[in-house]
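Assemble the whole structure, with the sequences as input and the hints as a guide.
Take the sequence shown: its letters are residues 44 to 504, numbered as in our numbering.
Hint data in this document are derived by calculation from the structure and do not stem from the laboratory. Heads up, some of the hints might be wrong.
[Stated by the list, open to error] Across the chosen pairs, the derived CB separations fall in these ranges:
id, residue 1, residue 2, range
1, 229, 197, 19 to 29 Å
2, 397, 489, 26 to 36 Å
3, 397, 233, 51 to 61 Å
4, 233, 499, 37 to 47 Å
5, 156, 277, 42 to 52 Å
Every residue gets a Cβ at the ideal spot worked out from N, C-alpha and C, and that includes glycine.
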Amino acid sequence: MRVAQMMEALGADRRREYAGELAHHYQLSGHTTRTVLYHQQAGQWALQRSAFGEAVSHFTTAIEHLRTLPEPPRRTQQELDLWIALGPALLATQGPGAAEVEQAYNRARDLCQQVDDTPQLFAALVGLWQHYIVRGATRTASELAEQLLTLAERLHDDDLLLQARSAMGNTLYYRGEFIAARGHLERGAALHQPQQHRAQIRRYGRGPGLVCLRNLAWTLWVLGYPEQALRHSQQVLTVAQESVHPADLVAALVYSARVHQHRREAHVTQELTEAAMALSREQGFTQRLAAATILHGWALTAQGQVAEGLGEVCHGLEAYQATGAEDDRPYWRALLAEGLGQAGRIDEGLQALTEAMAVVHTRGLRVWEAEVHRLRGELLVAQAGAHHAEAEACFQQALDFARQQHAKAFELRAATSLSRLWQRQGKTTQAHALLAEIYAWFTEGFETVDLQDAKAMLGAF
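In structure tokens:
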């Protein structure tokens with residue numbers, strides 16, 4: 044006890060650094076109130092240093108000891124603050140899909156109702172939204188995003204509006220409502236203030252401005268603007284590098300790698316994911332590591348290292364699912380099916396696409412619906428035996444879904460696949476008309492692989 048009292052006599056800055064030791068000394072002496080206080084301070088100091096595993100340990104220990112105290116309102120508020128502080132550390136170490144994340148933010152929401160704490164309620168809802176969107180629970184995520192937007196508009200707070208717009212845009216993107224998603228994401232990105240970024244990361248476990256730019260890049264690519272998508276992707280990297288926050292940087296590397304994967308730029312995808320994998324291992328970011336591994340595997344496969352690449356994709360998929368995440372499962376399965384097709388393992392590729400489509404239907408994750416149909420058609424064309432009629436139906440379905448969603452990137456791919464099949468069948472006039480119409484729509488990105496392929500096919504006609 045005397046050692047702890049001597050350490051407490053230090054200035055506030057030094058005391059913060061020794062908070063963990065103070066918590067230990069008071070814990071040994073049975074002084075519960077001060078044990079909780081210093082574990083809480085040690086957790087906050089760990090968060091500021093991006094020592095997320097350490098923060099989890101301090102906050103959970105503080106909660107355990109706090110529960111042994113009587114329950115006046117002050118204790119309820121302190122427990123609420125601890126759960127809200129624990130959330131970002133859990134998000135970083137275990138990923139948003141982890142059951143512990145749901146538990147932490149559900150408990151925080153319950154406590155908010157007891158103490159009527161609106162700012163903490165908003166933070167709890169953001170945490171729950173992150174959990175449910177990553178779990179692929181689009182209906183629940185939509186309800187939470189609506190609650191966030193209503194609350195933010197009522198409070199007339201731009202920081203809260205940025206979080207809410209980010210949540211709405213992200214949810215709509217995964218539901219395949221790309222036009223509406225773009226509107227929310229652009230309005231959210233306009234509210235982004237770089238000087239607020241680090242505080243938002245510590246409080247919510249995510250920088251909403253970064254997430255808006257990320258999803259805007261993905262959405263713009265789908266809508267047929269690959270150059271604008273690339274510019275936003277580069278902006279994401281710039282914001283992350285300026286924040287000097289490991290979680291930001293690894294997220295930005297993975298986000299940008301996805302844009303380059305969409306553009307079929309395998310070499311750049313490989314470079315970005317190698318950096319993301321190294322940083323994820325160093326910091327213990329399990330979900331980011333899994334995503335980067337899948338994308339790295341795709342890049343290897345696309346560059347001819349099919350066996351090694353497929354191995355990485357499968358390993359990454361297993362690790363990603365272990366985090367509880369479901370949001371990108373159709374996308375990852377589509378990449379797996381593409382690689383299996385390159386390896387000549389057609390039946391396995393078709394099975395992967397069947398699994399992807401099941402997730403699309405059960406969870407409403409419609410981003411990759413058109414592409415899953417198209418890839419199924421490509422595998423059927425490659426399969427031994429005559430499956431051209433079934434493949435044509437798949438390509439037509441892909442085309443229809445892409446048009447419904449205004450997804451010009453997917454429409455171009457579907458039209459290219461269908462035109463190639465029609466050309467083989469001697470339907471040259473129909474093939475040319477279909478592909479020429481969608482190609483003429485584009486105003487940028489003519490150096491990308493998809494548009495180059497379409498141009499080459501039109502030239503061949």
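To see whether the hints hold, each was checked on the structure:
1. 229 - 197: 19 to 29 Å: holds, 22 Å
2. 397 - 489: 26 to 36 Å: holds, 35 Å
3. 397 - 233: 51 to 61 Å: violated, 41 Å
4. 233 - 499: 37 to 47 Å: For residue 233 and residue 499 the Cβ distance comes to about 39 Å; the hint holds.
5. 156 - 277: 42 to 52 Å: This hint holds: roughly 43 Å between Cβ atoms.
In summary, the structure is inconsistent with hint 3 from the numbered list given earlier, while agreeing with all the others.
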